[in-house]
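Take these sequences, add in the hints, and give me the full structure.
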Amino acid sequence: MNTQQMDLIESSFNALSGQAHAIVARFYELLFSEHPELRSIFPADLTEQRKHLVGAIGLVVKNVRDLEKIEPGLEEMGARHVGYGAKPEHYGVVASTLIASLKEFAGDLWTPEIEHAWSQALNAVATVMLHGAERAGTSRKAA
2 MNTQQMDLIE SSFNALSGQA HAIVARFYEL LFSEHPELRS IFPADLTEQR KHLVGAIGLV
62 VKNVRDLEKI EPGLEEMGAR HVGYGAKPEH YGVVASTLIA SLKEFAGDLW TPEIEHAWSQ
122 ALNAVATVML HGAERAGTSR KAA
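Numbering follows our numbering, with no gaps: position 68 of the sequence shown is 69.
No lab work stands behind these hints, which were simulated from the structure alone.
Zero decoy hints are in this set.
Cross-link-like lysine-lysine pairs, in silico, BS3-like; alpha carbons within 30 Å at most:
{"hint": "1", "residue 1": "K70", "residue 2": "K104"}
{"hint": "2", "residue 1": "K63", "residue 2": "K88"}
{"hint": "3", "residue 1": "K88", "residue 2": "K52"}
{"hint": "4", "residue 1": "K104", "residue 2": "K63"}
{"hint": "5", "residue 1": "K70", "residue 2": "K52"}
{"hint": "6", "residue 1": "K70", "residue 2": "K88"}
{"hint": "7", "residue 1": "K104", "residue 2": "K52"}
{"hint": "8", "residue 1": "K63", "residue 2": "K52"}
{"hint": "9", "residue 1": "K88", "residue 2": "K104"}
As the structure is a prediction and not an experimental result, all values here were calculated from the model.
Laid out in structure tokens, this is it:
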């Protein structure tokens, strides 16, 4: 990601941060309506899950200029998600659904450049999480 993309992520998040919980609630509505098969890998009560996702998004935005700093935590998160039933193909679905939720709340503020910046950031996060998931899968097979 370049500096302009990082600026766009920070500014768009700051513009929407007061709506973070509503955006995440909408994310789960969209995710489960478009991909009902994913509902079973999430807890019945999404209250804590929503808080975790809001926190994770905030952490990524806060560290967008130095994502390497949070790579160990992202790898650990990826490893944990293996146990929840997450599969590699779910990461793209989650990213596109999150972007759709952000776009819906941003309205006219949303631009193709902002969308591309978020896509780049979420792809970087997914890559690190998938690395952690792969390592977890390898260690489980070896055990």
